[in-house]
Amino acid sequence: MAVGSVLEYSSHKYFRHRLVLSILSGKPVKITGIRSEDKNPGLRDFEVNLLRLLEKVTNGTVIEISVTGTAILLKPGIIAGGPLIHDCPLSRSVGYFLEPIIMLAPFAKRPVQLTLRGITTDDNDLSADLIRTVTLPHLQLFGISDGLELRIKKRGAPPGGGGEVQFLCPIVKQVKTLNFVEPGKIKRIRGISHAVRVNPQFSNRMIESARSILNRYIPDIYLYSDVYKGEESGKSPGYALSLLAESTTSALFCSEATSKPGVAPEDIALQATRALLSEISKGGCVDEKHQSLVLFMMVLGSEDVGRCRMSEPTPRTIQFLRDIRDFFGTSFKITPSDPTKLESSDLVYSCYGTGYVNANRELA
Amino acid sequence: MSDHDELLSILQAHGQKFLSSFDGGISTSRRKGNVQSSIEEIEEEEEEDEEWQGIQTNSISESDEDLDENDDDFTAASSSTSDANVIVFSDKTAAPNQKWDATTKLQGKAFMSSKISKMRENTLPHTKNPTLEETEEDLKERSNIQNDALLHKLVHTQLLSGSLNPELELTPAQRRKALSGRIVELAGDAKLGRGERLVRTAEHNKASKRVREGLVQKQKERKAARLEETKNLGNYHPTLKRLLDPDLETAKPKKRVRGLQMGVGSFKDGTLRLSRREIDSVQGHKGGTSGRGSGRGGWKKRPRK
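Going line by line, the protein sequences match chains A and B. Residue 325 in numbering that gives the first Met the number 0 is what sits at position 326 of the first sequence, and the numbering runs on without skipping anything. Residue 113 in numbering that gives the first Met the number 0 is what sits at position 114 of the second sequence, and the numbering runs on without skipping anything.
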């Protein structure tokens, strides 16, 4: 590894995906200026925890953190995988930590069996339900499906936490090329509504009010009421509704809403429903929250042109595309999907895969 | 006010008509005259009724006619109010399109399962197909078991003790015994492969005492020699005892019955299973006075299961 190949970035934003790109490409990364102007400068506890988790998952990674905590240097090792247990802090939910692991796990040496403890459902990140029902099926598009599991053993609502999830991921040699340009029409809507340590009727109330809007559109709607009791319901009360819509071409759109103090469950459900409908209206084959994951897997595909149709990129996705160009040297070609239709904002993202092969994997 | 009175009188007339329909039509002509049908529609209806009744006078009785008349009047009176806005309150949560059948349950289980490969409901949901349809693996497994059974049958019937096989060079006596052994197996008196042995032991029993005892002695010696041979070769294991000694094969260890065998019912799977008779025997018969005579024989002991 040449010394000159260290990539430098600044600011605490886009922290996770830069670390993931570094580990996968093998190029060391230096991030400076992390909250240097803030009252509490430097890395936050969840970021340090994430670095610790990445250290556990990989073998030979060297992480250097500056004295003030405003700069880090990561020299990546190989992704080892295997059985792991990790306790997440109560400041961010389990989804924050799972997302980078999902990106890394298929390229590990051994199949990852990661148990994470902490908060399972949160405002800021994807909840464990959505990860299980939407994020992981996106991996199936790339040929990673056999043995892919996310078990929600216990639920934990903020601020107490107490949840536990187990993530199992198989290893693959190479990721398949994606060609997903047909969004299709929505054929089915599913939802998971859960309530922990509160009146179980809240779950039913959310389902009823969500149905009051969704019933107008298609008949195939089923909202499941997930019940966890006793030990498995965590330490704090809370409830949430996660919705997902599946199209005829198996494109998934998702949305969710979690409980807030003083807000009725019906309003939470309406919030989630309206968010789902707005996601569907944006169009494309992949919704906004999973744009990065899909683009990432497209880059790592075989040396062939991969194509995907999505809505306009979010600022996070835009920065992600820039960083991919820095790490892997691949740039995307983004064209409007239908030049004749002016009102549709769908874009087709195509790229030439790098042909990344999982050289770590144990062949025995 | 005159309108109001008119309406009142119409209402009263209607009420009277309705009540009179239960009397059985005492004097219809009088009632027809009493009807103050100032509204033309009712008159028209009546005329129509009369016409209609005229056609049907042969078949129906007068009370039916009255009923029909009353019914028609009733609809005529209310026809003017039929264009009110109808608001239907329906409970959408009842979800008439959600038939709770096995498919929905299967889909639900698939959706909520932690395995992502099962979650994708790409295949159409089967209703009873998992039990009726056979997957390839099932077929393979069944054919394997079938093959095992077939092999066992063949080995014990044709391949080894084939009495008709000329290659074996059986003497007539051996052939006869092999055939009779096969027949005994087919008859079900012996397990597969043991028929000839049964026939031979039966013949041994017919021999004289000295011959019999000599045969038994020789058998014992041969068994001991075989056992020593396997032990010397290193092929022996205590679990093979049944294989080496054919007499022990039939002796199967019976399950020791636990408990004192007193009390009613059987205790299985964490529950005490009682039959109706057992409950009655403890509680006492319901038809006590009538049945007591027959039950006087004493405390009947039921056979233990």
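Rather than coming from a laboratory, the hints here were simulated on the basis of the structure. Some hints here could point you the wrong way.
[As the list claims (entries may be wrong)] To give an idea of the chain A side of the interface with chain B (calculated C-beta under 8 Å), a few residues: (1) T132; (2) Q139; (3) D145; (4) R150; (5) K153; (6) Y223; (7) S224; (8) V226.
Glycine residues also receive a C-beta, built at the ideal position from the N, C-alpha and C atoms.
Quick rundown of the hints versus the structure:
1. T132: Interface hint status for T132 of chain A: holds (7 Å vs cutoff 8 Å).
2. Q139: 6 Å, holds
3. D145: Result: holds, 6 Å to nearest chain B Cβ.
4. R150: 4 Å, holds
5. K153: 13 Å, violated
6. Y223: 6 Å, holds
7. S224: Since the shortest Cβ distance to chain B is 10 Å, the answer is violated.
8. V226: 11 Å, violated
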